[in-house]
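J.: Chains as they are written, first to last, in the working numbering: chain A, 1 to 198; chain B, 199 to 1196.
These aren't lab readings, by the way, just hints derived from the structure by calculation.
No experiment lies behind these values; they were computed from the predicted model shown.
Keep in mind that a hint or two might mislead.
Partial selection, computed: residues in chain A whose CB lies under 10 Å from chain B [as the list claims (entries may be wrong)]:
#1 G56
#2 Q59
#3 V77
#4 F127
#5 Y129
#6 E131
#7 G139
#8 T184
#9 T186
#10 R188
#11 T195
Think of the CB as a built atom: it goes at the ideal place given N, C-alpha and C, for glycine as much as any other residue.
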Amino acid sequence: MFSKKFERRIYIAVVVLIFSAALGVSFGAFILWPERRELGYEPVQPIQFSHKLHAGTLQVNCLYCHSGAVSGAHALVPPISTCMNCHAEVQPKDNEGRIRPGMAKLLEHWNNAEPIRWNKVNDLADFVYFEHSRHIAAGLTCQQCHGPVETMDHVRREHGQKMNWCLGCHKQPPTNNLKTADPTLTTRAPINCSTCHR
Amino acid sequence: MTQDNVARVHSHETMHRLKSAALPSHGENLTSPDEMTRRDAIRILMGASSALALGLSGCERKPKREIVSRVAGPEYQMPGKALYYSSTWMEGPYPYGLIIKTVDGRPIKIEGNPDHPINRGTTSAAMQASVLSLYDPDRLRGPSGGGSPIGWEAVDQRVSEALRGASSAVLLTRANLGPTERELVRKFLSVAPHTRHFVHEVVHDGPRRAALGKIYGAVGEFLPRFDRARVILSLDSDFLGTDGAVLENIRLFTEGRRVNDAEHRRADISRLYVAEGAMTVTGSNADHRIRLRPSAMRRLASSLVRAIEGDAAELNALGAESGVSPALLTALVDDLRRNRGGALVVAGPHLPEADHAAVAILNDILRAPGNTLEWNTVLPSLKVDDPAEVEAVFERGVDVAIMLDTNPVYDWPGKDFASLLSRARLTVGHGQYLDETLAACSLALPSNHNLESWNDAEPRAGVMSICQPVIAPLFNTRQPAESLLTWTKALAAEGDAIRSFEDWHDYLRSRWGEGSATAAGGGENETKQRWEDALRAGGLFQAVREAPFPELNRAAAEDMARAELRSGGLDVVFLPHHAVYDGRFANNGWLQELPDPISKVVWDNAASVSLQTAQRLKAVEGDRVEIKVGDRSVVLPILVQPGMADGVVALTLGHGRTAGGKILGEAAGANVSRLLGQTAQIAPRLVTEVQLTRTGESQSLVRTQTEFSMHDRPIVLDGTLAEYREDAGFVQGKRHIPEPVTMFPPYDYSKGHKWGMAIDLSSCVGCNACVTACQAENNIPIVGREQCAVGREMHWIRIDRYLTGDAENPTVHQQPMLCQHCDNAPCESVCPVNATTHSPEGLNEMVYNRCVGTRYCSNNCPYKVRRFNFLRYQEAQLRDPVQELVFNPQVTVRGVGVMEKCTFCVQRINEGKYHAKDKGKAVEDGAIQTACQQACPAQAITFGDVNDPNSRIARMNASKRAFFVLEEYNVKPNVAYLARVRNLNPALAGDKKESHHG
Chain A
1 MFSKKFERRI
11 YIAVVVLIFS
21 AALGVSFGAF
31 ILWPERRELG
41 YEPVQPIQFS
51 HKLHAGTLQV
61 NCLYCHSGAV
71 SGAHALVPPI
81 STCMNCHAEV
91 QPKDNEGRIR
101 PGMAKLLEHW
111 NNAEPIRWNK
121 VNDLADFVYF
131 EHSRHIAAGL
141 TCQQCHGPVE
151 TMDHVRREHG
161 QKMNWCLGCH
171 KQPPTNNLKT
181 ADPTLTTRAP
191 INCSTCHR
Chain B
199 MTQDNVARVH
209 SHETMHRLKS
219 AALPSHGENL
229 TSPDEMTRRD
239 AIRILMGASS
249 ALALGLSGCE
259 RKPKREIVSR
269 VAGPEYQMPG
279 KALYYSSTWM
289 EGPYPYGLII
299 KTVDGRPIKI
309 EGNPDHPINR
319 GTTSAAMQAS
329 VLSLYDPDRL
339 RGPSGGGSPI
349 GWEAVDQRVS
359 EALRGASSAV
369 LLTRANLGPT
379 ERELVRKFLS
389 VAPHTRHFVH
399 EVVHDGPRRA
409 ALGKIYGAVG
419 EFLPRFDRAR
429 VILSLDSDFL
439 GTDGAVLENI
449 RLFTEGRRVN
459 DAEHRRADIS
469 RLYVAEGAMT
479 VTGSNADHRI
489 RLRPSAMRRL
499 ASSLVRAIEG
509 DAAELNALGA
519 ESGVSPALLT
529 ALVDDLRRNR
539 GGALVVAGPH
549 LPEADHAAVA
559 ILNDILRAPG
569 NTLEWNTVLP
579 SLKVDDPAEV
589 EAVFERGVDV
599 AIMLDTNPVY
609 DWPGKDFASL
619 LSRARLTVGH
629 GQYLDETLAA
639 CSLALPSNHN
649 LESWNDAEPR
659 AGVMSICQPV
669 IAPLFNTRQP
679 AESLLTWTKA
689 LAAEGDAIRS
699 FEDWHDYLRS
709 RWGEGSATAA
719 GGGENETKQR
729 WEDALRAGGL
739 FQAVREAPFP
749 ELNRAAAEDM
759 ARAELRSGGL
769 DVVFLPHHAV
779 YDGRFANNGW
789 LQELPDPISK
799 VVWDNAASVS
809 LQTAQRLKAV
819 EGDRVEIKVG
829 DRSVVLPILV
839 QPGMADGVVA
849 LTLGHGRTAG
859 GKILGEAAGA
869 NVSRLLGQTA
879 QIAPRLVTEV
889 QLTRTGESQS
899 LVRTQTEFSM
909 HDRPIVLDGT
919 LAEYREDAGF
929 VQGKRHIPEP
939 VTMFPPYDYS
949 KGHKWGMAID
959 LSSCVGCNAC
969 VTACQAENNI
979 PIVGREQCAV
989 GREMHWIRID
999 RYLTGDAENP
1009 TVHQQPMLCQ
1019 HCDNAPCESV
1029 CPVNATTHSP
1039 EGLNEMVYNR
1049 CVGTRYCSNN
1059 CPYKVRRFNF
1069 LRYQEAQLRD
1079 PVQELVFNPQ
1089 VTVRGVGVME
1099 KCTFCVQRIN
1109 EGKYHAKDKG
1119 KAVEDGAIQT
1129 ACQQACPAQA
1139 ITFGDVNDPN
1149 SRIARMNASK
1159 RAFFVLEEYN
1169 VKPNVAYLAR
1179 VRNLNPALAG
1189 DKKESHHG
């Protein structure tokens, strides 16, 4: 029906099309891959609070501020009153004797009784029921999931925190290292769906 | 349903309207294919591709979310952690103790207070649904005068000025005022001298109360002890449904019906005879039912007295006239006579005084007083006034009419109340909704919800219960008592003690201080401590010595019982609705969509008649009939109800509301209370002269269950006490289980937990409390009347009801049905995306975020317990900033296209396991309770770890009465049912059809 030459051109065109489609799909997948999109997320926060200073240099225990992690589902950000436990006295100033801008902002919120709206860095999907307390009780450190926060000036997301990442630990063989190891489990932690989804 | 009705429900218009209502954002995609033009298609496609392009170019993460630092954290409160408060349920006819679960400051779930001596931790469906009403967006949000918003100060000024100048004023309230409210009303009346207080209720026990007062010469009421009785006879009293302290009645009744396998040869349970006109929950639990018109009840009671004393002639005559088997009546008389001291007779609150006098005599000769009857001197509610008296006052002229939390314009049993009101110069209505009454008032004042209120209740001697608010008022509302106190203060003279009280809380608190201080002495600190202790406990519960039973004035009683009663062609009895009661809960979707325990009708009321009566009227189910009493009439569809007495029409109150919310607008039904209050009436809710005429129209009644036969399959098993004594494992002979065959490899559940449930059908009375408890716990949506008509209701647990035996007077079988969490679950193997799987603890799990909505699982489920979100049932609720507060944060809110079902309350299981782990202990038996189990007034549901040999569930499963439904399929269900033991009178064994199914 067509000439040999034209047929070959169609053939080449089809191959090129398939190839570029494949390239496009893999590029799209690379861009959209959830893991990759979540990693390294480091939003600008309303106050330039440094975890490196507080948790690193000053060695404030994580649970001093994120007290919910021990007993509840949410680790919680502290109320401003917790900040003021120290900062009522400690109010760093710059060389010219003015209160530093971050500190000033905190005081402004405190004096105006206005809550601080932080940007959530580690954020799980709504269909996941994650309990901090279980993981603390099992003896996990905060850093295992959140990365070396004590070295970060600005907190950034260190792990994608997708289901396969969770299962990476949960599916390990049982260990006695966990404080509350459940002898009836065949894995380190339960892996049935309702552990997290209900 | 007829073919015609089905077609109507599926009509294109209906479906289209429904879809556009439920899918507001996607309205344009809903044009049916033939209406869609090419241009439409391109527009939709273009829209879709541009959205895709935006998504790609943005390459943004998922939406940013915020996490908020509060300024100072409130004490005790951790975000996401539940706090529990004690309170009291004051909305219904009887006060019960509550424990309210609040999360982040919002009440989300109600449970019974286990320390409360009356309900002992159990709840009713209406109590469970109370949280939904709290967040009802239709509630009034601020006071208004003449349709425009005004401030509370202006309200108080207008009301107190009007009261000061009034020469006649009326205060109309409900009957269930607490003791402090009653005290305040007395105080109010003393400072507003021309004011009269009237109490209005349609459903009340006025005749019973009046009769007992006259024949015992004392104020008080019977407290039936169903647990002590061997033989119980109910004359039209629905004590397991709506009469009296129902939660306590159910508990005591089921206590008297418990059997123990170890002593099955000596098993002895109470026997329930019910003589009734309508078919009620109580009747459905009867061992022997006598179909009898309510107007014949007094004759039955009187002739029973005579028969027990030796003269059975009149009883036999009554039996012959009403078609009651003589053998049954003889057996009843024998049973009562043999069980003097252990027999108990109760009579319905809607029966006339004469009946209660006759029943009092009957109880007296059966030696019930002091044995199976106690005397309670503190009445839970006020005496309801005669409507005619109130009408007369209005007709003489009233300057100010104040109505507190009552809706007389809707349900006044007598003249048109709106026209009576229009004679008053100032009309003040206090209520939660702009209902019929508030709409007719010059001042419409919003009331607090029960969960926003301070109050107290004293349902009986020794039980003082406190109602405390668990949330600040959501809107600009005020408690009626607060308003009354404000007006009292304004009217009181300078220096009156009442003026020293800051607010209603202060007033209530001071009264409690007085009471306990005089009782126990001590200073201010002790008083404060006692108050706080009482708040924590939910009240003061003291064991008081039983009041001595007053002497029956037999002559007066006999005199009263002889009163001549009018009787006509048909009896009409007006019963409170099983869920919305007298209409006060009509704007609650959970209650509207709760199937009637007997007829399974939702969102509607009907005129229930027996098959024979329907035939006499030449009517079939759904035919609309005009019911004419005196000069008023309503039109309702006929519902043919097996078990009704011939010549009786049962009408349910609470429907046909016209104002006050969107939900009640969805409901069908008619207001039958307008038929009340005319001359043809022999008691407040019993009419004997009525005309029924077919209108020629018909309508469909929406039922959630339409097939009531088991088709001879062993679905619900039961047996007689005789059978049980013979062989505790009588169920095994009633079915055939073939050799199990399975394709699945066995799974070893012996390690760790294995969750299981057992439901004792001997205890379950079919009250529906579990259904609403589940709905509240698990964020279950309502779907509306028309979606129910196509079988899309979403309840995770339902009560299946089957009828066997005599078609006119059937034996009723109730069976709560929920996901059976089968070990070999047929739903799991057909899911193409692994959205439903099995946990090592024996739970059949449903992962909503995996589900793609094929519905294969539902198709393959033999129990039909899986529910599918056909439309966006939760959408509107999720978007409403008030309504969304009711959701349980521990459970996902499911969207359209997702399958869902009972999870065995997995969120509670997880929580229980966390608690145990934190304490370093194993999960204690009974520490984890499912929502249905917790609510059950009969404690018929047991849940626990079957691997624990000492657990209650293991004992229940080991019972010889235990069987699994459809066990022959070898799906290995995990919900065991314990066969019901019926205590049939051996003398009637041949009379009653053997209930064998198999």
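J.: Look at each hint and say if it fits the structure.
T.: Taking the hints in turn, this is what the structure says about them:
1. G56: Since the shortest Cβ distance to chain B is 21 Å, the answer is violated.
2. Q59: Interface hint status for A:Q59: violated (22 Å vs cutoff 10 Å).
3. V77: Since chain B brings a Cβ to about 5 Å from A:V77, closer than 10 Å, the hint holds.
4. F127: holds, 4 Å
5. Y129: holds, 7 Å
6. E131: holds, 7 Å
7. G139: This hint is violated: A:G139 lies away from chain B, its Cβ roughly 13 Å from the closest one there, beyond 10 Å.
8. T184: holds, 3 Å
9. T186: holds, 8 Å
10. R188: violated, 14 Å
11. T195: holds, 8 Å
The structure is inconsistent with the numbered hints 1, 2, 7, 10, although it conforms to all the rest.
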